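K.L.:
Residue strings, one per chain:
There are 2 protein chains.
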Amino acid sequence: MGTDIVAQIAVLVNDIETTSQAYADFFGIEKPQWKLTDTLDKTQATYNGEPAEARAKLAFIKFGNITIELIEPDHNPSTWREVLDEKGEGFHHIAFRVDGLKSIVGEMEDRQMPLIQKGEYTGGRYAYMDTFKDLKLIIELLGNDIKP
Amino acid sequence: MGTDIVAQIAVLVNDIETTSQAYADFFGIEKPQWKLTDTLDKTQATYNGEPAEARAKLAFIKFGNITIELIEPDHNPSTWREVLDEKGEGFHHIAFRVDGLKSIVGEMEDRQMPLIQKGEYTGGRYAYMDTFKDLKLIIELLGNDIKP
Numbered sequence: 001m002g003t004d005i006v007a008q009i010a011v012l013v014n015d016i017e018t019t020s021q022a023y024a025d026f027f028g029i030e031k032p033q034w035k036l037t038d039t040l041d042k043t044q045a046t047y048n049g050e051p052a053e054a055r056a057k058l059a060f061i062k063f064g065n066i067t068i069e070l071i072e073p074d075h076n077p078s079t080w081r082e083v084l085d086e087k088g089e090g091f092h093h094i095a096f097r098v099d100g101l102k103s104i105v106g107e108m109e110d111r112q113m114p115l116i117q118k119g120e121y122t123g124g125r126y127a128y129m130d131t132f133k134d135l136k137l138i139i140e141l142l143g144n145d146i147k148p
Numbered sequence: 001m002g003t004d005i006v007a008q009i010a011v012l013v014n015d016i017e018t019t020s021q022a023y024a025d026f027f028g029i030e031k032p033q034w035k036l037t038d039t040l041d042k043t044q045a046t047y048n049g050e051p052a053e054a055r056a057k058l059a060f061i062k063f064g065n066i067t068i069e070l071i072e073p074d075h076n077p078s079t080w081r082e083v084l085d086e087k088g089e090g091f092h093h094i095a096f097r098v099d100g101l102k103s104i105v106g107e108m109e110d111r112q113m114p115l116i117q118k119g120e121y122t123g124g125r126y127a128y129m130d131t132f133k134d135l136k137l138i139i140e141l142l143g144n145d146i147k148p
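Same order as they appear, the protein sequences are chains A and B.
So the first sequence is numbered by the UniProt record's numbering: it starts at 1 and just counts up by one.
So the second sequence is numbered by the UniProt record's numbering: it starts at 1 and just counts up by one.
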């Protein structure tokens, strides 16, 4: 993938306000502000190949070497809602920032690592890849228009 | 806790040989050698307050900013076996290296974050803390005799 830096660890939550406050209290940091993901006309998101109306509240907590992302999804179909309903609150994925996201998605699909969900956000795009069979995790690819 | 560095992301697996090879193939790195945790006379391990005979094969895959730890537990009772049986292969915990492990365990217990499992290893000790209620994760504290 051209990187060995794990950018984010993502955690599904039912109530982002409460869990953000708990992280702030425990780690002695400021409570992060959540933001709502864009609507479908902007995200062009798909989940299992179908247009995905799902939105989520996201909060980012910066640690020294990594960011923990809290995700509170709505009740529309998404990988977030599916995993939250099946496994409960907790871990969802690890994320890597990559160059050439679409070609990496294609290479991974060729390796039997299916695309689960993808979408656009201001300044970039994401793809969740199902690597459960091999790596036992969902991997998110983050492709930003301008490198961080 | 005195640190904001997430040292490890741990992943439960059924077959550490196969999954180690999959990580090596996917990330283009050497396959890590697993090692077996020590026996109870050395680990003094407890799980839910009872002596824990459980052992696990561990493999460590070093990324640029973090280590991914693969864990293949045996069938004795442990947090590893419990989570693997309940949720299947995948994420188990994130780990932080701390100074003063026992006082941090005590402080967390005072905050209703129970100790799940602990043990000794050559050069240090670990404690898994149940922070599901607040942080939605298991947190491992790693206390090494000599700081890395």
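No lab work stands behind these hints, which were simulated from the structure alone.
There could be a bad hint or two in this list.
Straight-line Cα separation of at most 30 Å, DSS-like style, residue types lysine-lysine; simulated pairs [stated by the list, open to error]:
no.: 1; chain 1: B; residue 1: Lys87; chain 2: A; residue 2: Lys57
no.: 2; chain 1: B; residue 1: Lys62; chain 2: A; residue 2: Lys136
no.: 3; chain 1: A; residue 1: Lys31; chain 2: A; residue 2: Lys57
no.: 4; chain 1: B; residue 1: Lys35; chain 2: B; residue 2: Lys102
no.: 5; chain 1: A; residue 1: Lys133; chain 2: B; residue 2: Lys42
no.: 6; chain 1: B; residue 1: Lys136; chain 2: A; residue 2: Lys87
no.: 7; chain 1: A; residue 1: Lys57; chain 2: B; residue 2: Lys35
no.: 8; chain 1: A; residue 1: Lys62; chain 2: A; residue 2: Lys102
Coverage of chain A stretches by chain B, computed from C-beta distances (three or more under 8 Å per stretch; other residues unrestricted) [claimed, not checked]:
no.: 9; region: 16-24
no.: 10; region: 42-48
no.: 11; region: 62-70
no.: 12; region: 73-83
no.: 13; region: 114-124
The structure displayed is predicted, hence computed values, not measured ones.
Here a beta-carbon is modelled for each residue, glycine too, at the ideal position from N, C-alpha and C.
K.L.:
Take the hints in turn and mark each one as holding or not.
P.N.:
Do the hints match the structure? See the list:
1. Taking the CA atoms of Lys87/B and Lys57/A, the gap is near 25 Å; set against the 30 Å cutoff, the hint holds.
2. Taking the CA atoms of Lys62/B and Lys136/A, the gap is near 17 Å; set against the 30 Å cutoff, the hint holds.
3. Of the supplied pair hints, the one linking Lys31/A and Lys57/A holds, its CA atoms being roughly 14 Å apart against a limit of 30 Å.
4. Restraint check for Lys35/B and Lys102/B: the C-alpha separation of about 26 Å stays at or below 30 Å, so the hint holds.
5. Using a Cα cut-off of 30 Å, the hinted pair Lys133/A and Lys42/B is violated, with the two alpha carbons roughly 35 Å apart.
6. Distance hint between Lys136/B and Lys87/A is fulfilled; the C-alpha atoms sit about 12 Å from each other, no more than 30 Å.
7. A C-alpha spacing of about 41 Å is found between Lys57/A and Lys35/B, which places the hinted pair above 30 Å, so the restraint is violated.
8. Simply put, Lys62/A and Lys102/A have alpha-carbon atoms about 27 Å apart, close enough for the 30 Å limit, and the pair holds.
9. Given a C-beta distance limit of less than 8 Å, the hint that chain B covers the region 16-24 of chain A holds, as 3 residues qualify and 3 suffice.
10. Note: the region 42-48 of chain A has 0 residues with beta-carbon separation from chain B under 8 Å; the three-residue rule is not met and the coverage is violated.
11. Counting residues of the region 62-70 of chain A whose CB lies closer than 8 Å to any CB of chain B gives 5, which reaches the minimum of 3, so the coverage claim holds.
12. Using a Cβ-Cβ cut-off of 8 Å, 0 residues of the region 73-83 of chain A lie near chain B, which falls short of the minimum of three, so the contact claim is violated.
13. Counting residues of the region 114-124 of chain A whose beta carbon lies closer than 8 Å to any beta carbon of chain B gives 0, which falls below the threshold of three, so the coverage claim is violated.
The structure shown violates the earlier hints numbered 5, 7, 10, 12 and 13.
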